[in-house]
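Engineer: If you want the building blocks of each chain, they are given just below.
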Amino acid sequence: MIRLLNVMAALLVLISIVLSPIPAFSQSKPAGKTVLGWYPYGKEFPALNSPAPRLPNGKPSMAGMWGQVRRADVTDKRVAPGYIAELPYTAWGKQQWETYDPVKNGDYAGSCLPFGFPRTVYGPHPIHVVHDNDQIVFLAEQDTWFHLIPTDGRPFTKDLPPTWWGESVGHWDGDALVIETVNMNGYIKVDTIGHPLSNQAKITQTFKRIDFGHMEHTFTVNDPKTYTKPWTVTDLWTVKPADDRILEYSCEENNEGLYDGTIVRWKVPKE
Amino acid sequence: MRFKLGFALALVCAAALALPALAHHSHGNYEDTFMDIQGVVKEVHLVVPHSWIYIEVKDAKGEPEMWALEATGRTGLQRIGVTPEYVKPGDTVKARCHHLRDGSNGCLLGFLKAKDGTVKDWDGNNAPPPADF
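Protein sequences appear in the order of chains A and B.
At position 105 of the first sequence (counting the first as 1) the number is 105 in the numbering used here, and the numbers step up by one without a gap.
Positions in the second sequence are counted from 1; adding 1000 to them yields the numbering used here.
This list has only true hints and no planted wrong ones.
SDA-like mimics (lysine to any residue), calculated; alpha carbons at most 25 Å apart, straight line:
| id | chain 1 | residue 1 | chain 2 | residue 2 |
| --- | --- | --- | --- | --- |
| 1 | B | Lys1120 | A | Met65 |
| 2 | A | Lys104 | B | Arg1101 |
| 3 | A | Lys77 | B | Asp1032 |
| 4 | B | Lys1120 | A | Ala80 |
| 5 | A | Lys104 | B | His1099 |
| 6 | B | Lys1088 | A | Ser250 |
| 7 | A | Lys77 | B | Ala1127 |
| 8 | A | Lys104 | B | Asn1029 |
| 9 | A | Lys104 | B | Glu1031 |
If you are wondering where the hints come from, they were derived from the structure by calculation, not from laboratory data.
Next up, chain A with everything else stripped away, as it sits in the complex (with noise of 0.2 Å):
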């Protein structure tokens, strides 16, 4: 009798371990768990081709801490596919090409002022992008700049100052969103060598969630007064490691040579 009710004991012991609910978790693909990073502490980090997360309304989350690829130059063909390679200069485009001499003349970033969208998205620090139904944030570790865009379907603001990043809007194209910017102050650079952009500019980027893992981004701009024509840049971003965080940063820590007099203060210029 007693090792009867040793056995059944024993049964319901194994049945319990068996219908007792499993962690999600462990049915996934874990790359790694998360230590102190950007990912949800004590979750596991999935599987970078794993399917990309969902808004709560269906749509593609682009959530995550990217790392986008860097651009120095969009033109220079040795970075990755997808870089322009001949830009369409008006005669004012290329007359502001050829004279920009940040040694000379001081360059805007140098005095640590806003990068804007392109040259923060075409840099070398990582952006982590915070994502819901009516407005995706972008978190850029450059200069600790954020920038935040409503994708309610509101229009653009009427009679708005330009800004070194303008004021971008975001609908859905299926399940691509696109972020367009207007109303940027005509100062910022596409890229770290200095390639221009007037205040006629408008940018228009598509984000496009491939997987868990990765994402393909589109970089179109359409400025009238500094090129002939539309042109587009593509990248693929890939997420941060699980362990990876956006730090602090600040330009002007270390920027000794601004108060010193060895870096030429940039100046408004003169159209």
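Since chain A is already given, all that's left is putting chain B on it; use the hints.
Structural biologist: Just chain B now, kept in the frame of chain A:
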């Protein structure tokens, strides 16, 4: 020395990478080619926008001279495991860097071989260590 460093910083503050094609606009005061240099660390400044290491190098006559090595900012270095403990004053290090065009004692990293023998890309490109370094 400070003047030289400041001048260098003026040119690179807007740039975080040393792609040779960018020499015209961003790193124009550094040579495109690499040189190797070895010395004893005197100061380490892990800061943004760019970090600096000062090393004492023996010149051709055996006399000590100070060199300034420029690197990417603290965040980029932290991301590849560079901490204040990784390179300290007193350590002997070897650098592969771009010499200042004016010939003064400044150099843009490049790679740095630390006291423990590990080599990292201090330019923030996560480039693999060169086989001959």
